[in-house]
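S.K.: The two chains are supplied separately, each in an independent frame; assemble them into the complex guided by the hints.
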Amino acid sequence: MLGPAHLPPKPPPGLPPLPPGWIEHKAPIGHSYYYNRETKQSTYVRPVAQLQFSPQQFTATMPYQTPRFAGAPMGGSYGGNLNNHQHQNFHGGQNRGRGGFRGSHGIQDRHRRELEDKPKHRYNIPGCKPWVLVKTKLGRRFVYNTETNESFWKFPAEVMKGVVEFDRIERGKKERRERGEPSEDEDEDMGEPDEKAFVGADTRSSTKHPHEEGDDDSSEYEEVEVTDDEGADEGSASKRQRTEEPANDQPVEFNEDDIAYQLAAMGQDHGLDPGEYDNPDDEDWEPGAEGLPLTEDDSKALFRDLLDDCHINPYSTWEKVIEDGYIIDDDRYTVLPNMKSRKECWSEWARDKIQVLKEQREKQEKRDPKIPYLAILQKHATPKLYWPEFRRKYKKEPEMKDMKLSDKERERCYREHINRLKLPQSTLKSDLSALLKSLPLSVLNRSTSLAALPSELLTDIRFISLPASTRDPLVETYISTLPPAPEGSSLSAEEELELEKKRAERERREKALAEREKRVHEEKRRQQRNLDFGKGRLRQEEMELQQAMKVGKEGLKAQLGFLADEKDGKGEQAGSGGINGE
Amino acid sequence: MPVYRTGARNKKPPPDGFEDIEDTLLEFSNKMKDAENASHEGKKKYEMLWPIFQITHQRSRYIYDLYYEKEAISKTLYDWLLKNGYADANLIAKWKKQGYEKLCCLRCIQTKETNFNSTCICRVPKDKLQENQTIECVSCGCRGCSSSD
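From first to last, the protein sequence lines stand for chains A and B.
Just so we're aligned: 564 in UniProt numbering is position 564 of the first sequence, and the numbers increase by one with no gaps anywhere.
Just so we're aligned: 34 in UniProt numbering is position 34 of the second sequence, and the numbers increase by one with no gaps anywhere.
Isolated chain B (complex conformation) (with noise of 0.2 Å):
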């Protein structure tokens, strides 16, 4: 029968600077694991992920804010968030273009999959909206997600 070898074994350390933002992280986790855990009754079919598509795009804008706004953590330990799943390196790319900058999730441009080839509603801006028009999109219940707002 194979040694069976558990996790921290032979793994090697995060990157310098982990430490700083581990707390903050574990929160995520913790908050991830709750919306994965949360009953599901009385919610719509759909509405099912949101919590976690919001909680994955709150996290990833976290290490996004660190890495290029305050330029808080170093590219070898972004580089390692992202390669263990802490953020979602095709959002960011996202982010980084023009008119992107607040995209909720990558669901929501995949042209694709709607029925008139178009975005979704949360990436419209509020003033081509009408009045009192509010909206939670299907796919990840962002209410609006464009730049201009």
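Bound conformation, chain A alone (with noise of 0.2 Å):
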């Protein structure tokens, strides 16, 4: 086995010259892919005209457990996969008169899967002794002798029956390990159909042998096509075929040479034609194999693109969005693996671009919806017609059909207006000016327009009573009167409302704050008051006190005078002891 190391070095990107008749394009995901305008064909690998082999190397690399490809008599079964590989079998009779119509793709596309294919499992055929049946990585078959050492793709008629044997056995043993996945035979039966049309609309015929000689460098490319008939089985889960890297990061069994070479001698040995390689259901192979250079979050960014270009009414339903079609051609559209994802992705994009518009809605201002009416009510309205011959004559207007204005409203206006007409124009000047005039400044001012007038003025029927010619000059001569608009002008009326409501609150507060303080004041006031009474009431019974003292005292003395005739010391010393207390 050859690591990458002992590989041909890659030719360098864009260096040879594309064979004629290939036509480069930029996708607009940004790689470039090639057309072949002859043919139509399209491929994501840059396709090299020549190639040459080396039959030596073969055999000297060829590795043992492969089968023995040049004393095998291969058959067409060349199913990249077991449920392809299959059906051709029992289906081999089919494939037969495609001749060498398919090109190099069958070659092509088989030669990537030898670089990486290599036996896996053995399993032993019920009932065909020295047969066993191999399964290879990438999930192709055949059988082997193990007394004669020969093996085959394409069963041999007594091995057939033992090897249906065994697929029956193993199908059932593997929908009863593995419950709700679908089944093999399932995708076996819509291969089928697969293969007959891509039969029938092979579009790949006459393309060039690319496996000449000369260089071989390019056979390190592998080649992967868009089929065009893709779009038909869009339905079954994660059939898109994607762009195919080099496989360097993949194991590489074969000297590509040496494998070149084993195609070359097997198609002509066994007189195959290249196109029975091919195998339209390789679209079925695990997203690993693939080596997609997208992570899931860039595929979805680009679906999620895709949608928002083709201008998708995000409100409309999945099915419809598919039945319309205008994303299923675009290359968009394949970055994702399976409808169930594509899906997945639509309703994840029509939440948030609901939520967009729904806040994008929020921010406009809403229309009165008397607006366009009381316009059509100028236009048409005469005083010959009633209201009901009006309303039958204009019926198909938009106006008239519109919802959010009930008919009594509609009529109400009309009649109204009818009544207006009839008046004389000085009133109806008057009545104008004076509606103008009951317009605060903030709302009509010297920079409004004619062409955006407020709603409160559009909305009044008093403003349609005039006709246009005469209304306008009116209008707009009282406008050039008015002063500028008021600082923060910009503020909608609602605004407005809610600044003045502010403001009365805070001069509610403010005046609340200042009744309370009034309040405190008083009271602070009276309790000043009541200390100073309290303070003028405790002087005076000092006083008092003290005038009784003093009156005490003489009392006291009169008394000790009158006692000190009985007795003389102790009269004294009461006395001095009194004072001493106060």
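Watch out, some of these pointers could steer you wrong.
[Unchecked claim] So the derived label-pair ranges between C-beta atoms look like this:
| # | chain 1 | residue 1 | chain 2 | residue 2 | range |
| --- | --- | --- | --- | --- | --- |
| 1 | B | 38 | A | 355 | 30 to 40 Å |
| 2 | B | 94 | A | 416 | 45 to 55 Å |
| 3 | A | 501 | B | 147 | 16 to 26 Å |
[As the list claims (entries may be wrong)] When the alpha-carbon atoms are kept at most 27 Å apart in a straight line, the in silico BS3-like pairs for lysine-lysine are as follows:
| # | chain 1 | residue 1 | chain 2 | residue 2 |
| --- | --- | --- | --- | --- |
| 4 | A | 358 | B | 11 |
| 5 | A | 343 | B | 12 |
| 6 | B | 12 | A | 358 |
| 7 | B | 11 | A | 396 |
| 8 | B | 12 | A | 408 |
| 9 | A | 343 | B | 97 |
| 10 | A | 396 | B | 12 |
| 11 | A | 340 | B | 11 |
| 12 | A | 343 | B | 11 |
| 13 | A | 358 | B | 83 |
| 14 | B | 126 | A | 174 |
| 15 | A | 340 | B | 97 |
| 16 | A | 363 | B | 75 |
| 17 | B | 70 | A | 363 |
| 18 | B | 70 | A | 366 |
| 19 | B | 126 | A | 173 |
| 20 | B | 94 | A | 340 |
Worth flagging that the hints you see were computed from the coordinates, not collected in a lab.
Ideal Cβ positions, reconstructed from N, Cα and C, are used throughout, including at glycine.
M.R.: Written out as structure tokens, the structure reads:
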């Protein structure tokens, strides 16, 4: 086995010239792909004209496990996977007539598979003793005779029965093992009509054989084509074919040259047309084998971009989107592997989009439904028509069908308008000027243009009473006399109202505060007064006490004097003690 | 003779957001009309109502998704739609229950109408069925609506 290091050097990108008939294109995602105008074939891998094989290397490096290609009778059963393989075995005859149409693809596809393939499992075939069934890494199978050391891709007739039996058992087991997953034979059923359609609409018939002599570096590239008939089977999951990266990161089993030689030899030996290798079902590969450069997020974002670009209505249904088919034609449609993931992505996108739309709508101011209706009244209403006549005559107008405005309201407006039309011009003019004056400066000011009149004005019946030819100059002159917009006039009327409310609230609060302060002040004064009063009383009491004391002393003296007549010294003592106590 | 008052005259307008989904709903109603007027020739007797059930299911699902999954319509609009028969409220009520997330129609879970008191064949999960057995249930033509499918 040779590692990637042993591979011949890759040609620098873009260097080898394209074979005649091929054109390079840039895909919307950025990478380039190649298109052949004659064969209507497109591929992501740069096609290079020629190849050379070296048979010596082949013999040297051929791994022993692989079936011996040279000795084996090679049939058309080159299914890249189990399903198709089987199918082709059962319907082997159908491929016969195709001759050499398929051109290089069969070989190249096969070639690629060979690069990566190696035997993986070995099963005993019931009833055919020496034969064993070998399954390769890529799901292909061949039979191997353990006694004669023979191996065949195409099962010999006697082994075939055993293989069919084996398959049946195997399938049963598998079903039992993993319930819920699509069974193999379902895929098989799908594969069959696919194949037929493929044969019918084969567009690749006359592709040039790239494995001729010359530049053998090209064999490093693997060719993958974008099949045209994929759109038909989009329902089946994960069937999209994607860009194949050069298989540098994958284990390589053979030298390319060997393989190319093998292929060529086999083709010659068995008269095979290369188209029979071709496998329309190879989209069934597991995603790991494809080596996708895009991450999941990237592909989701791409798909979302696609939805954005196609201006899909986020409110519609997924079925409708698919039915319309705008998105299917786009390359970005294929970045998601299956329908389920696409649908998921779509519903996520729709949800986000609807949220955005909602926000936008909230920002937009609501237009009064009366405005267009009044406009149509001014245009068409005449006193000659009664309301029912008018309604019948203009019932096709969208304004007349608008559900937002009730029929009663419409009728009321009409009658009022007709009545006003009968009034003299001077009254109408004065009414209009009264209306204009009633509007606040924030709504109508000098910077207001005639095209953007405020809705308060437009919804008023007085505004449309005068014909536009006489009304507009009036309004214009009035506007020109107005002072410019007050500060903050950029605010809408609602905000103005809000501000007004806030101001009132604040005023109320301030007033309440002032009142409370006043009350507190009064309380304080009263308290002060009380205090003063109390102090005064205290002082008075004190004075009274002092006076009383004075009186008391004198009184005491007097008393003492009165007593002193009987006891001299005692009266003195008691008097001094009384003074000390004070 | 009483005055004959026609449709839009005294009708209240639908809630906000109806204009967004109006086109899709109109499409559904057109489809429904076509299905109603389609010829029954060559159809079995029980097949005749299948398209009607299918369209009803699709339309209910559409409204259900808009309200519960995408949150694109308001509660008032959703209620209005239910009230005006754009979606089947009973069916939607079942979808909210576990195990009935994909229910095709109410007849398919009506056990009393079947011989063995069982639900319809379309309620049986795919892996419980025999291999290659394709089913179309008699009541609505459903090909399988078990939640695990």
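S.K.: State for each hint whether it applies.
M.R.: The hints, checked one at a time:
{"no.": "1", "hint": "B:38 <-> A:355: 30 to 40 Å", "verdict": "39 Å, holds"}
{"no.": "2", "hint": "B:94 <-> A:416: 45 to 55 Å", "verdict": "53 Å, holds"}
{"no.": "3", "hint": "A:501 <-> B:147: 16 to 26 Å", "verdict": "54 Å, violated"}
{"no.": "4", "hint": "A:358 <-> B:11", "verdict": "26 Å, holds"}
{"no.": "5", "hint": "A:343 <-> B:12", "verdict": "36 Å, violated"}
{"no.": "6", "hint": "B:12 <-> A:358", "verdict": "23 Å, holds"}
{"no.": "7", "hint": "B:11 <-> A:396", "verdict": "18 Å, holds"}
{"no.": "8", "hint": "B:12 <-> A:408", "verdict": "11 Å, holds"}
{"no.": "9", "hint": "A:343 <-> B:97", "verdict": "23 Å, holds"}
{"no.": "10", "hint": "A:396 <-> B:12", "verdict": "19 Å, holds"}
{"no.": "11", "hint": "A:340 <-> B:11", "verdict": "42 Å, violated"}
{"no.": "12", "hint": "A:343 <-> B:11", "verdict": "38 Å, violated"}
{"no.": "13", "hint": "A:358 <-> B:83", "verdict": "24 Å, holds"}
{"no.": "14", "hint": "B:126 <-> A:174", "verdict": "15 Å, holds"}
{"no.": "15", "hint": "A:340 <-> B:97", "verdict": "23 Å, holds"}
{"no.": "16", "hint": "A:363 <-> B:75", "verdict": "21 Å, holds"}
{"no.": "17", "hint": "B:70 <-> A:363", "verdict": "21 Å, holds"}
{"no.": "18", "hint": "B:70 <-> A:366", "verdict": "24 Å, holds"}
{"no.": "19", "hint": "B:126 <-> A:173", "verdict": "17 Å, holds"}
{"no.": "20", "hint": "B:94 <-> A:340", "verdict": "23 Å, holds"}
The earlier numbered hints that this structure contradicts are 3, 5, 11 and 12.
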